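Undergrad: FYI, the numbering for the sequence shown is 1 to 416, going by my numbering.
Source of the hints: derived by calculation from the structure; they are not laboratory data. Please note that the accuracy of each hint is not assured.
Straight-line distance between alpha carbons at most 27 Å, and here's what the computed BS3-like set of lysine-lysine pairs gives [claimed, not checked]: (1) LYS406 / LYS82; (2) LYS82 / LYS221; (3) LYS110 / LYS142; (4) LYS168 / LYS221.
Pair ranges (Cβ atoms, derived) [unchecked claim]: (5) ASN392 / GLY89: 35 to 41 Å; (6) THR195 / MET339: 33 to 39 Å; (7) LYS329 / ILE86: 52 to 58 Å.
Bear in mind the structure is a predicted one, so any value in this text is a computation, not a measurement. Every residue, glycine too, gets a C-beta built ideally from N, C-alpha and C.
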Amino acid sequence: MKKNIVAFLLIIFSNLYVFGQNNDIVKAINKNAFKLNDSNPNIDIDKDARLDSIFEKVRIFGFGEATHGTKEFFNLKFKFFKYLVINQGVRNFAIEASYANCIAINNYIKGQESDPKELLKNIGLWTWNTQEVLELIEWMKKYNIDKIQSKQINFYGIDIMDCSNSAKIITEHLTENSYKNKIKYLDILSHYTLTNSSKHLNKNILNSHLIVMAELKEILKSSAVENKELYISLQNSIIQYINLCIDYRQEIRDKEMSENINQILVTDGNESKIFIWAHNFHIKKNKITYTNEFSMGHFLKEKYGNEYYSLGFDFATGEFNAYSIKNKKIEIFSITEPMSNTNSELFNKSSFDYFFLDFNSINKINVLGKYINSKIKYRGIGSTYNPKMIENEKLTEAYDGIIFIKETKASTLLFR
């Protein structure tokens with residue numbers, strides 16, 4: 001009986017200690033977080049010396065998302081992108097989508113007439129085919145109207161999961177122009193002009209295709225064709241795709257995405273800056289939890305150091321779109337309570353509905369520094385959903401900062 005009483009008291013005191021510690025963390029968040037008044041992208045963030053100080057030396061802004069289907073994540077990224085364009089001189093925008101699939105959007109925001117809804121549909125990913133992303137590109141188009149070319153926003157796809165449009169454009173270019181051995185090149189390109197059409201090819205064939213496609217890239221480099229850089233980039237995206245088919249690993253995908261970011265910056269000059277729109281998995285600085293492979297953010301941090309800023313997102317409750325593996329369709333999922341013993345549960349106790357924590361700024365604050373440098377659980381939901389999708393790591397090892405939203409809504413799909 002005496003032992004039971006002692007054990008009971010120890011549990012009570014332990015719980016009181018944890019409660020007091022958590023309460024101190026929440027108080028510190030309330031005091032030190034950058035409060036975001038709303039998620040409405042049409043209401044600008046006022047110019048702020050604190051934000052400018054955080055972002056002053058950054059060239060690459062990696063903005064993540066804890067799901068691929070949350071309205072507030074998209075709107076807050078849009079809101080910050082506007083701030084960085086206006087106040088930090090960001091002119092390049094990169095999204096987790098294939099290069100060729102985004103060329104038409106880049107042309108659209110620079111004045112070419114088209115149906116933007118069709119352009120988003122043709123990007124090939126349901127995740128970006130939303131009202132929120134539509135409003136983003138419409139803002140880019142409006143921003144660019146009265147700007148000289150060097151001051152305009154550029155829109156790039158950096159992913160390597162699909163090269164079909166690249167292969168189509170290169171095929172068209174070769175067909176219309178005189179190139180030595182072009183029949184050989186056209187024959188190989190024919191395997192890649194349809195999405196997933198190359199899945200039946202074995203590694204020996206893929207390796208032989210890789211050699212010939214690398215040869216074609218060198219020929220394009222030495223040509224005097226108009227828009228040469230465009231064709232080189234398209235050909236490079238085909239090579240990247242074939243490499244991924246030969247050795248399909250997440251790390252290869254992410255490393256190539258980091259190389260695409262690097263190439264954009266090299267082409268645009270030493271003072272250029274870029275905003276990355278992708279999932280938390282890709283922008284984080286360490287490894288992708290579910291594959292234990294290095295992320296795009298890891299390679300960017302390794303190369304650029306503090307010029308790369310990784311900003312993760314988290315939330316407590318709400319709705320989001322995700323693909324249902326069971327029902328084989330996109331559905332709205334709902335989380336009604338913050339998961340216990342997670343970052344979401346603790347951050348949900350703050351006074352703010354939306355806030356931004358810069359880890360460098362709070363690292364010296366004892367209670368917060370200890371918290372972000374200890375292992376923490378938080379949600380990591382991709383384009384599909386499973387309640388077991390949980391990250392468990394030190395926040396400072398994954399990100400340079402985090403944006404938290406208490407309650408979310410699903411992104412507004414342009415289709416159902």
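Undergrad: When the structure is checked against the list of hints, which entries are broken? Sort them ascending.
TA: Numbers 2, 7 - these are the hints that the structure violates, sorted from lowest upward.
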